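Q: As you go down the protein sequences, you meet chains X and Z in turn.
With my numbering, letter number 28 in the first sequence gets 28, and the count goes up by one each step, no holes.
With my numbering, letter number 73 in the second sequence gets 73, and the count goes up by one each step, no holes.
In short, the hints are calculated from the structure, not lab data.
Treat the hints with care, since some could be wrong.
Mimicking DSS-like on lysine-lysine, the simulated pairs with C-alpha atoms at most 30 Å apart in a straight line are [stated by the list, open to error]:
#	chain 1	residue 1	chain 2	residue 2
1	X	67	X	43
2	X	54	Z	47
3	X	43	Z	47
The structure presented is a predicted model; accordingly, all values stated were derived computationally and were not measured.
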Amino acid sequence: EVQLVESGGGLVQPGGSLKLSCAASGFTFSGSAVHWVRQASGKGLEWVGRIRNKANSFATAYAASVKGRFSISRDDSKNTAYLQMNSLKTEDTAVYYCTSPAGGSGWYFNYWGRGTLVTVSS
Amino acid sequence: QSVLTQPPSVSGAPGQRVTISCTGSSSNIGAGYDVHWYQLIPGTAPKLLIYGNTNRPSGVPDRFSGSKSGASASLAITGLQAEDEADYYCQSYDSSLSHWVFGGGTKLTVL
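Could you build the full structure based on these sequences and the hints that come with them?
A: Below you can see the structure in the form of structure tokens.
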């Protein structure tokens with residue numbers, strides 16, 4: 001069974017940092033890209049960024065709203081991806097989902113985690 | 001504002017048919033990028049419903065179907081059931097932004 005499990009969410013003050021983890025199982029994690037998508041309360045889904053696999057040089061890409069503040073990394077030996085969030089703003093408050101297009105064309109997301117809540121507030 | 005436009009809400013009685021539209025532009029759906037659909041139920045992981053405009057993953061009932069024309073796409077749900085009550089999102093890729101984009105989501109209420 002495929003599983004993606006996010007962790008690391010919580011309450012953080014504006015300007016602070018937080019690192020989310022995404023633990024994967026049930027599929028070939030090392031061969032797959034990993035994306036992060038977020039959903040603020042009452043809002044729609046927003047793509048945050050992605051990291052490709054080793055064959056694609058672990059290339060990353062980010063939405064303009066987080067570029068320069070967020071970074072994505074991965075440790076294939078642990079089947080885990082990370083989202084490092086710095087200089088957090090109140091508008092970053094959201095549920096953060098880890099997702100992967102594994103097994104598909106790469107243009108859509110086959111597998112999703114249940115998300116982890118990040119609250120940025122003083 | 002979301003790059004792809006969806007109606008905020010739709011509703012229907014059990015057994016009825018509803019459709020959810022998704023309108024894009026010449027840099028995403030209109031550029032030929034496929035549309036995909038997801039179902040979100042609070043407290044659960046989002047679920048892929050339709051990929052590549054019209055394809056259903058294994059396990060998705062054939063009550064769900066997708067279509068695409070020009071810069072728009074639609075999700076149709078026939079034989080509405082109470083368990084279909086959820087939020088539905090369309091998704092594509094935008095060449096101007098160089099990243100994946102979603103619609104604003106549509107809340108389906110089964111009356």
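Q: Just pull the numbers of the violated hints for me, sorted ascending.
A: none
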